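Protein sequences appear in the order of chains H and U. Under the numbering used here, the first residue of the first sequence is numbered 1, with each subsequent residue one higher. Under the numbering used here, the first residue of the second sequence is numbered 257, with each subsequent residue one higher.
Derived from the structure by calculation, the hints contain no laboratory data. Since this is a predicted model, take the numbers as computed values, not measurements. Possibly wrong hints are sitting among the right ones.
[To be verified] Subject to a maximum C-alpha distance of 30 Å in a straight line, what follows is the list of computed DSS-like cross-link-like pairs (lysine-lysine):
no., chain 1, residue 1, chain 2, residue 2
1, H, Lys255, U, Lys265
2, U, Lys362, U, Lys313
3, H, Lys161, U, Lys362
4, H, Lys87, U, Lys453
5, U, Lys453, U, Lys292
6, H, Lys255, U, Lys313
7, U, Lys265, U, Lys446
8, U, Lys362, H, Lys221
[To be verified] Covered by chain U, according to a simulated footprint, are these stretches of chain H (three or more residues, beta-carbon under 8 Å):
no., region
9, 72–78
10, 86–95
11, 112–125
Just so it is clear, CB atoms sit at the ideal spot from N, CA and C, and this is done for glycine as well.
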Amino acid sequence: MLAKRIIPCLDVQNGRTVKGVNFVNLRDAGDAVELARIYAENGADELTFLDITATIEERGTFTSLVRSISEVIDIPFTVGGGIRSVKDVGRLLEAGADKISINSMAVKDPSIISTLALEFGSQCVVCAIDVRKSTTIENSHEVYVSGGRVATGIEALSWAKEVEDRGAGEILLTSMDSDGTKNGFAIDITRSMSDLLSIPIIASGGAGTKDHFLSVFEEGKADAALAASIFHFSEIPIGELKIFLQKHGIPIRLKH
Amino acid sequence: MNKSVVIVKYNAGNVRSVICALSRLGVDAVVSDDPKILKSASRVIFPGVGEASTAMKYLRESHLDEILVDLDNPFLGICLGLQLMCSRSQEQDTPCLSIFPTEVNKFIPLNGEKIPHMGWNTIRCNQDYLFEGVADDSYCYFVHSYYAARAKETIASCFYCGIEFSAALGSGNYRGVQFHPEKSGSVGHKILENFIKGERL
């Protein structure tokens, strides 16, 4: 049976991982390659590296870091942040990334999604969507870009549908309302998006307890759940989380 | 005499993760499309991601198709590589290499399953040198929207969208796996190790 995936996310700045609360107040959480190795050994199903400063400071993602990671780890990993062109994507995949995650660029020029899907295959195109509850329209979420700093006025579900239609292979949905709070994933929007789309949804933002993961799989219908700080600071060891989920009937890959 | 492990060079996706996985096994692989090098290799690996018709067009134009079906060294297709080894793919209705007499079809969701079939799923293995020491229900990493139907050449199965499909096929010196052993953690490492170091057939 296809397992639900647990994905530690490493927000990277200058080759080291950091994690902010609501996207600000960054804390150093360690060396990226070392963390990647430990996570892979501890049973992470996949890894995601986001170069969080790339869009804002207009820097490229660290190809050499990607190269080092691909030498060390034997599970899939996604790289995102600051990707601006098809050439950038080619360079990152060439360096060993399995998937690339785009966000601001896709909103700016949605045609890039289909271009990437045709050039490299849908399987490696992850579209990251950062959302916040709309302050004007009830039960609606708005898409944000540039590391959550710029509101776009775009409604989240319609954007997600467009992203799928244009050929993205997967969606990384981050609730900015939940991110950094440790109060749980945003179940409603995750479930709505998962029901609407036929591609996998990775839920992100708000993980604080093992029960939060259980809820996002059972109620949120997420295909994967992503978290950062609780893993970086070993608040919830991945192995322990996976045993907990399996005991509660979630299909999970346990290391043999 | 060339005794290296050779990865087939063609237009379907990047081979770095396969090279890295082999490197973790202590193997320095060569990437080549030279028929002489392919024929004299100790092992041939045929990876691939992307779209079947584009890949097959390239193989035919470069005449690699004739070389690949005529090798007698241990050969391992991965993901799209396995699909191209089948007789035909529904993807753009593409005739393939016909090493395995089975067809490649698109998954149709039965009960809200997501397409592509992406992530870790369990495999059931038959007795084959590729799966020596690999327990039934081991998890492997899959990413694909098309699957090779079961056939008598099926040496491992996986279940998705209500269908038991070929997670691996084997015939003579040819093996193909739908999952990515290079990305399947310790299980994948073992399978690649079996291919590299195991009994020839």
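Against the structure, the hints:
1. H/Lys255 <-> U/Lys265: violated, 33 Å
2. U/Lys362 <-> U/Lys313: holds, 20 Å
3. H/Lys161 <-> U/Lys362: holds, 21 Å
4. H/Lys87 <-> U/Lys453: violated, 38 Å
5. U/Lys453 <-> U/Lys292: The given pair, whose Cα atoms are some 22 Å apart, holds under the 30 Å limit.
6. H/Lys255 <-> U/Lys313: violated, 40 Å
7. U/Lys265 <-> U/Lys446: This hinted pair holds, its Cα atoms lying about 24 Å apart.
8. U/Lys362 <-> H/Lys221: Roughly 23 Å separates the two Cα atoms, so the pair holds.
9. 72–78: As far as the region 72–78 of chain H goes, the hint holds, because 3 residues have Cβ atoms under 8 Å from chain U.
10. 86–95: With 3 residues close enough to chain U, the hint holds.
11. 112–125: holds (count 5)
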